[in-house]
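Colleague: Position chain P relative to chain A; hints supplied.
Going line by line, the protein sequences match chains A and P. Here my numbering is used: the first sequence runs in plain steps of one and ends on residue 302. Here my numbering is used: the second sequence runs in plain steps of one and ends on residue 446.
Keep in mind that the hints were calculated from the coordinates and are not lab data. There's no promise every hint is true.
Unchecked claim - In silico SDA-like links for lysine to any residue, alpha-carbon gap of 25 Å or less: (1) A:69 - P:162; (2) P:66 - A:270; (3) A:31 - P:129; (4) P:111 - A:297; (5) P:129 - A:242; (6) P:111 - A:69; (7) A:31 - P:162; (8) P:238 - P:211; (9) P:322 - A:31; (10) A:31 - P:441; (11) P:149 - A:60; (12) A:69 - P:150; (13) P:129 - P:211; (14) P:168 - A:135; (15) A:31 - P:76.
Claimed, not checked - Per the computed footprint, the stretches of chain A lying under chain P, defined by three or more beta-carbons under 8 Å from a beta-carbon of chain P, are: (16) 87 to 96; (17) 241 to 249.
Please read these numbers as outputs of a predicted model, since none were measured by experiment. Every residue gets a Cβ at the ideal spot worked out from N, C-alpha and C, and that includes glycine.
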Amino acid sequence: MQNRNLSIPLLPRMKQLLRPRISPAEDVDAKPVTIITSRFASESYWLDVWRHRELILFLAWRDLVVRYKQTVVGIAWTILKPLTTLVVYTFIFGRVAGLPSHGIPYVLLVLSGLMPWQLFSTVFSMASESLITNSHLVSKVYFPRIIIPVSSVAISVVDNLVAFVLMAVLMLWYGMMPGWQVLLLPFVMLLAVLAALGIGLIIAVLNAQFRDFRQLIPFAMQLGIFVSPVAYATSVLPEKWRILYALNPVVGIIDSFRWCILGEGDLIYPPSIIFTLVFAAVTMVAGIKIFRRHEADIADVM
Amino acid sequence: MSYAIRTEGLGKRYSINRGGDTGRSLRDLLGSLVRPKASQPKIIEPDSEPVIDAREAPSRELWALKDVGFDIAEGERVGIIGANGAGKSTLLKILSRVTTPTEGRIEIRGKVASLLEVGTGFHPDLTGKENIFLNGAILGMSAREIRRKFDQIVDFSGVGNFIDTPVKHYSSGMYVRLAFAVSAWLDPDILIVDEVLAVGDAAFQKKCAARMKELTKEGRTVLFVSHSMSSVNQMCQKALYLENGRVVAFKSVEEATVEYQRDVIEVTESQPWHRSAFSVPDPNIEIYSERSGEVICLGGSIETEDGVCTAHLPIERPIHVKLRYRVLKDLSFPLAPNFHFYDEGGARVFISMPPESSPSAAGEYCVTCIVSPFELNNGRFYVNPAMSSFSQQPPVHFSAYEALRFEVMEEPGVDARRHGWERPLPGVSRPRLPWLIERLPGSGLS
Chain A
1 MQNRNLSIPL LPRMKQLLRP RISPAEDVDA KPVTIITSRF ASESYWLDVW RHRELILFLA
61 WRDLVVRYKQ TVVGIAWTIL KPLTTLVVYT FIFGRVAGLP SHGIPYVLLV LSGLMPWQLF
121 STVFSMASES LITNSHLVSK VYFPRIIIPV SSVAISVVDN LVAFVLMAVL MLWYGMMPGW
181 QVLLLPFVML LAVLAALGIG LIIAVLNAQF RDFRQLIPFA MQLGIFVSPV AYATSVLPEK
241 WRILYALNPV VGIIDSFRWC ILGEGDLIYP PSIIFTLVFA AVTMVAGIKI FRRHEADIAD
301 VM
Chain P
1 MSYAIRTEGL GKRYSINRGG DTGRSLRDLL GSLVRPKASQ PKIIEPDSEP VIDAREAPSR
61 ELWALKDVGF DIAEGERVGI IGANGAGKST LLKILSRVTT PTEGRIEIRG KVASLLEVGT
121 GFHPDLTGKE NIFLNGAILG MSAREIRRKF DQIVDFSGVG NFIDTPVKHY SSGMYVRLAF
181 AVSAWLDPDI LIVDEVLAVG DAAFQKKCAA RMKELTKEGR TVLFVSHSMS SVNQMCQKAL
241 YLENGRVVAF KSVEEATVEY QRDVIEVTES QPWHRSAFSV PDPNIEIYSE RSGEVICLGG
301 SIETEDGVCT AHLPIERPIH VKLRYRVLKD LSFPLAPNFH FYDEGGARVF ISMPPESSPS
361 AAGEYCVTCI VSPFELNNGR FYVNPAMSSF SQQPPVHFSA YEALRFEVME EPGVDARRHG
421 WERPLPGVSR PRLPWLIERL PGSGLS
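Next comes chain A alone, as it looks inside the complex:
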């Protein structure tokens, strides 16, 4: 029952925990008392995360700054990388394979698949790797460990936002305007981040103990790009396979993302979106639970 406070709304809980400490009527000298036992204290966990909120930002900022230091082209890499992939996929799937695109320029179809895919896969891989890449912190300083995978998300999100520049340029070029659905885009991106972070948390814990996942994840991501509708529309698949296909959580994410940008209603397949929502909720809850259960041992097993 370590995680029962998960179900309690966070803010009132925090206020309740803060109250005795900021009350001036009590002992002015009152110092916070920390109790350490064999389990990480669950009572003050989220309060502790709150206290370290600046660290989340600092770690995210570090990742961003370090990433492009000493690169000649700098932030332009964020555009160049997806651009290259975009050109190759458009050529192979659009021209060579000649797959249908519902009248949408194929290059836009690919980009609107590539962006959510990149978001999901980088959030997932970064979160999975985060404990290992920050092992020097884990073994030397205390802070709620969940800060590490959470802060690793920032870089993927920023990269994705930059890629919208590319998207905007291409849409202008083809004279396309997004409809009202574009307003739902932040929610789709949030969904992608949560789903990826959820499993990322689980893999991060496993990764700390079993380095096999370091080999496994890039490989899985390579396969994933083809079993997800990145370079083709979901409607390419035969109807009878679609329900099975919907079990890939990324399908719902990519479909919704495309719908928000390109507004093609027939690209949407409701079961896959429902499954993705359920998947994100379940992995997030399970991810936090599993992460917290193993959090205390992480420094010992690394």
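Modeller: Structure of chain P alone, referenced to chain A:
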């Protein structure tokens, strides 16, 4: 006085079921699922290497700490001492919450900052300024706090104009100075330090030590792990002596460090430590010699004024240190016998030589050096008896390394100059110096 840290029945168990520390392989996990029991019994020779293989010894356990309990009062400075593997680092890791105890309970009152290393989280590509902020945040400072202390940190580190240069271009000294500077301006109630003072050049180390003292003056509780008994003695009031994960002693720093040093010597030496007499040849005594065929060492002893040979000497009695030697032939140059006194930590206390040269004519001689009462404080001492002729090159006839080892003992009440102070009086010497006490004229109250 209220407590700062209170621990009860603290224990930490590690299971050693894998080789290195590079992380487990999934194969081990899968393997243990597929094969729940060891598949084949293996015949192990009685004196073969211990089994470390994970599959053969699935549940080897090691208690890095066991039944550790102590209370530290607010404002106390406590050194943690012990051999490698005694559990010092594990204790620090638990107290700083990097890892959790397997059993037991700790209560900590106040904000804790732990410095298990300097520059945690420093990134080589970031500038000095960026790293100050990052490191500060990792150590638990708020951005506002760091901004407020920024100038002091930069000043203290002395990196000056390089503050906007990536730290990878720093010299290692600059890097460490900057790293320590951030930690030096932390503002915790309880400070946990793991031997980070051993960084930088001598001048910077002095600065660090001064800053640490300053920090502790402000009523902070300090826990300090070190292998250097002199820095523990300097910094701390009490010491927690750990051995094999258990508390051996938790008392005044003087007593605890002495106890620790004695135990170390007893472990490393097979024979008894004390040696009140020796005669050459002795396989346990190493004799250094630069000249041969002129003077040889025969032996020596430590005696009381009554001629009783003992290695336990009362502090209030004179100590007679004797050296016997043979001059093999008539020599044309003077001889200077000398005794080198060392304290338990190996620091030289003094060298003593007679006022005149000893005879150069062939024959056997015995010289005695009389150490006055209280000249040596209570504690253990070594003597190297030696013979030299400083007019010659090279000068040393012989020097018998740690040939005599004795202990100066103090019974309660023998030193009237304690004036009622009962705890140890630190120092290697307690000389009876003359004092003058005079009443200032015109100070009488009328």
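Colleague: Does each hint hold? Answer for all of them.
Modeller: Hint by hint, here is what the structure shows:
1. A:69 - P:162: At roughly 17 Å apart (the allowed maximum being 25 Å), residue 162 (chain P) and residue 69 (chain A) satisfy the hint.
2. P:66 - A:270: At roughly 58 Å apart (the allowed maximum being 25 Å), residue 270 (chain A) and residue 66 (chain P) break the hint.
3. A:31 - P:129: Given pair residue 31 (chain A), residue 129 (chain P) is violated - Cα atoms ~31 Å apart, limit 25 Å.
4. P:111 - A:297: With Cα atoms ~23 Å apart, residue 111 (chain P) and residue 297 (chain A) stay inside 25 Å; holds.
5. P:129 - A:242: Given that 25 Å is the threshold and the Cα spacing comes to 54 Å, the pair is violated.
6. P:111 - A:69: Violated: residue 111 (chain P) and residue 69 (chain A) sit about 35 Å apart, past 25 Å.
7. A:31 - P:162: violated, 38 Å
8. P:238 - P:211: holds, 20 Å
9. P:322 - A:31: violated, 61 Å
10. A:31 - P:441: violated, 52 Å
11. P:149 - A:60: holds, 23 Å
12. A:69 - P:150: Cα-Cα ~23 Å, so holds.
13. P:129 - P:211: holds, 21 Å
14. P:168 - A:135: Measuring from Cα to Cα gives roughly 20 Å; hence the hint holds.
15. A:31 - P:76: Cα-Cα ~16 Å, so holds.
16. 87 to 96: violated (count 0)
17. 241 to 249: Check failed, 0 qualifying residues.
When the structure is compared with the earlier hints, violations turn up for hints 2, 3, 5, 6, 7, 9, 10, 16, 17 and for no others.
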